[in-house]
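Engineer: If you want the building blocks of each chain, they are given just below.
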Amino acid sequence: MGKVNNSLLVIFTLLLLSCGGKEEKKDGFSIERKKATTEKKAETPTTNQVKASERIDLTSKGVGPINSITLDAEIDQAMVTQGEEVFNQMCMACHRVGKKFIGPAPNGILERRTPEWIMNMILNPDVMVKEDPLAKDLLVEFNGSPMANQSLTEDQARAVLEYFRTLK
Amino acid sequence: MRKFKNPMLVLFGLALVFTSCGDQKKGNSGALTSNAAEKVYVAPGEHDEFYAFVSGGFSGQMSVYGLPSGRLFKVIPVFSQDAEKAWGYNEETKPMLNTSFGFVPWDDSHHPDISQTNGELDGRYVFINGNNTPRIAKIDLTVFETTEIIEIPNSAGNHSSSFVTENTEYVVAGTRFSVPVPQRDMPINEYKGNFKGALTFISVDPEDGGMDIKFQLMMPGFDYDLSHPGRGKSHGWFFFTTYNSEEASTLLEVNASQNDKDFIAAVNWKKIEEYVNNGGGTKMPSNYAHNVYNEETHTATSTMKKEVLVVNPTDVPGAVFFLPTPKSPHGCDVDPSGEYIVGNGKLSADLTVHSFTKMLDAIEGKKYDGDAYGIPILKFEDVLAGTVSQPGLGPLHTEFDGQGNAYTTFFISSEVVKWKLGTWEVVDRQPCFYSVGHLMIPGGNSRKPFGKYVLAMNKITKDRYLPTGPEVTQSAQLYDISGEKMELLLDFPTVGEPHYAAGIAADIVKARSKKIFDLKENKHEYGITSDADVRVERNGKEVHIYMSMIRSHFNPDNIEGIKVGDKVYFHVTNMEQDYDVPHGVSIIGANTSELLIMPGQTETFVWEPKQPGVWPFYCTDFCSALHQEMQGYVRVSPANSNIDLSWSLGD
Chain A
1 MGKVNNSLLV IFTLLLLSCG GKEEKKDGFS IERKKATTEK KAETPTTNQV
51 KASERIDLTS KGVGPINSIT LDAEIDQAMV TQGEEVFNQM CMACHRVGKK
101 FIGPAPNGIL ERRTPEWIMN MILNPDVMVK EDPLAKDLLV EFNGSPMANQ
151 SLTEDQARAV LEYFRTLK
Chain B
1 MRKFKNPMLV LFGLALVFTS CGDQKKGNSG ALTSNAAEKV YVAPGEHDEF
51 YAFVSGGFSG QMSVYGLPSG RLFKVIPVFS QDAEKAWGYN EETKPMLNTS
101 FGFVPWDDSH HPDISQTNGE LDGRYVFING NNTPRIAKID LTVFETTEII
151 EIPNSAGNHS SSFVTENTEY VVAGTRFSVP VPQRDMPINE YKGNFKGALT
201 FISVDPEDGG MDIKFQLMMP GFDYDLSHPG RGKSHGWFFF TTYNSEEAST
251 LLEVNASQND KDFIAAVNWK KIEEYVNNGG GTKMPSNYAH NVYNEETHTA
301 TSTMKKEVLV VNPTDVPGAV FFLPTPKSPH GCDVDPSGEY IVGNGKLSAD
351 LTVHSFTKML DAIEGKKYDG DAYGIPILKF EDVLAGTVSQ PGLGPLHTEF
401 DGQGNAYTTF FISSEVVKWK LGTWEVVDRQ PCFYSVGHLM IPGGNSRKPF
451 GKYVLAMNKI TKDRYLPTGP EVTQSAQLYD ISGEKMELLL DFPTVGEPHY
501 AAGIAADIVK ARSKKIFDLK ENKHEYGITS DADVRVERNG KEVHIYMSMI
551 RSHFNPDNIE GIKVGDKVYF HVTNMEQDYD VPHGVSIIGA NTSELLIMPG
601 QTETFVWEPK QPGVWPFYCT DFCSALHQEM QGYVRVSPAN SNIDLSWSLG
651 D
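Chains as they are written, first to last, in the numbering used here: chain A, 1 to 168; chain B, 1 to 651.
Keep in mind that the hints were calculated from the coordinates and are not lab data. Possibly wrong hints are sitting among the right ones.
[As the list claims (entries may be wrong)] Rough simulated footprint, nothing fancy, chain B against chain A, three-plus residues with beta-carbon under 8 Å:
| no. | stretch |
| --- | --- |
| 1 | 84-93 |
| 2 | 148-161 |
[Claimed, not checked] Just some of the chain B residues that point at chain A, by a computed CB distance under 10 Å:
| no. | residue |
| --- | --- |
| 3 | Lys-515 |
| 4 | Asp-518 |
| 5 | Lys-520 |
| 6 | Met-549 |
| 7 | Asn-555 |
Keep in mind that this is a model prediction, so the values were computed, not measured. Glycine included, each C-beta is placed from N, C-alpha and C at the ideal position.
Bound-form chain A, shown alone (with noise of 0.2 Å):
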């Protein structure tokens, strides 16, 4: 019994310690955590270098029912205005303009990804996710978190495909 009582005292003399060591440093705690996560991305050979919702892909037009769009040279201010509409209310939860938040934010979108991968991945985020390989490491690098299906029709997925246009 004296035995198992010393020992609690010193695993609990440790426990303080470490607490103690703590408080000094308010984040230390999660920089070393951060630190070991970083480490160990660099040591896997098949993560790619650039992040997803950075890297540049005018090819792919994902996958989904928009096989094909063309883009006006004049951009259309009526569907701007409806699609920001939209965006506020179907998006908004996720996506902010000008800053990441739960999702990338649409800034320059268009400059990345082809108008037929955006509308894609509006339209039919649940299959975008399992098949496109950028939608993929988007998932991952988001932190796993899904993007929803908002259930917008073509029509509004094609205006906030042009409110995207103007957010640079």
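Place chain B on chain A using the hints.
Structural biologist: Then chain B, alone, in the frame of chain A:
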């Protein structure tokens, strides 16, 4: 008295014999053939052929099963609070359980019936009655939720309900217990001649299904047990079984079984409707609740109605007649053609079947056998179509297969008996385990039954399942009736006591089933349609949180400035617009249930924090891989603190 006692004893003796027979057969499950399993097997991922809406009895709810598999899909809260779905707990649905007696969070739900068009099931609504505090509820089959409840004034033990006419013109609610109308302080033993039995006709709006009491027929003070509408040729009539035509107020077990015959009341509602439309009837001061759930505001409102139109049957000549029917009939069932009205005299050895055509002839010929309180009594022999002789003991309820056969349950002899309409011969009988009450053939209360299965709902289960202490499961049994002989296929447990059920081909319902609520259509007073509207507002000691939820976070998820003594309203909107992505939410110490919020919907719970601290809330319905991360904190400060209200997400 003495004469009466003897047959009762005989019945009891026979009951004992039959019950013990049942016991001996234990293990011999009705000689199941090997392909019974195949007949009820619905492969993984496949759908059942029928929906069965089974009443929950004293659970106050209604459950949804698939047939033939007997799989339970949903328990729909109707007259009882349901913590799983926040029904009767959240601020939006509390008004649904309001009555003239205040908030009544329980009832005894008995007889579901599906809406009809041209005498066929249309699958829009299911109606069901609450017995104890008389109410009729409507369940909308696009959402499988209770969307309307109307209280029935002047009624008590709302049992001969809630059956619909063939174009859902009316859903009918008859009182089981007669009472003083209006209620007043009087000696109980002055019942006879003074109490009244209200038969209530509730109109159903053809467009939006809205219910409204059109009129109440003030009948003599009998017990009105069950009812069914006429159809086809008898459309426009409604039939109610009565017992206690003795008008006894005590020891009904004996005193309400004196008369050799009670009555089936035949009510020509079209005639009364016409009378009422022409200004007939008396407006009587009353007080009853009408509760409506609005799908756009996701909120129910309760309105107290102050008047009801009553009709004295003797004021409308030719509208109401009594058909003598032996021995306290229970079920009152009309065949698909509308010609035969079956009276299941539960203390009678025979089944009595009346003829609608003969009834009209007798009325035409004014061949009356006296009257009861001014209501003409037709002669038994004049209206009798036939008798099914000695089919079993304790007939309760009959349904039809649309092929000329009828199926009657016998409570005492515990069996389903198949017999032929017109020839009245018994064709087959199968035992029930045990003591069957009602039975249901999908579409059985319509012109066009789907005569493939019959579902028997039993009152006693005894040894049929693994024991679960003194209270064992309630149960139902499924029989294949597609052949000449019935075949027992399946036992399955039910939620609460299944008094009755309504069944329908799944194809009629499932295509209309709603998948999400459109966020754009959300008109909840405290709902938000965009994350831009997320906010927290203080109004004195009331704090309103306009919160959103989506996989996998709440916005806001950090809230400060709440104080002890505040009344905090969490108005939470699910921003998802995808099928089958509900989220739940609750906070530590909330004195209510969680919320379970469907995509596009807003619900509210109230939290009154009692001590300072930082209190977590979280999503209660597993929603995604990051469900465990879907959580937040509310900081609660002492009542006298001056911390400003603030809220955030991700900062």
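Engineer: Against this structure, judge whether each hint is valid.
Structural biologist: Consistency of the hints with the structure:
1. 84-93: Check passed, 5 qualifying residues.
2. 148-161: It holds, with 5 qualifying residues against the three required.
3. Lys-515: Result: holds, 8 Å to nearest chain A Cβ.
4. Asp-518: 9 Å, holds
5. Lys-520: 7 Å, holds
6. Met-549: With Cβ-Cβ at 8 Å, under 10 Å, it holds.
7. Asn-555: With a minimum Cβ separation of about 7 Å from chain A (threshold 10 Å), the hint on B:Asn-555 holds.
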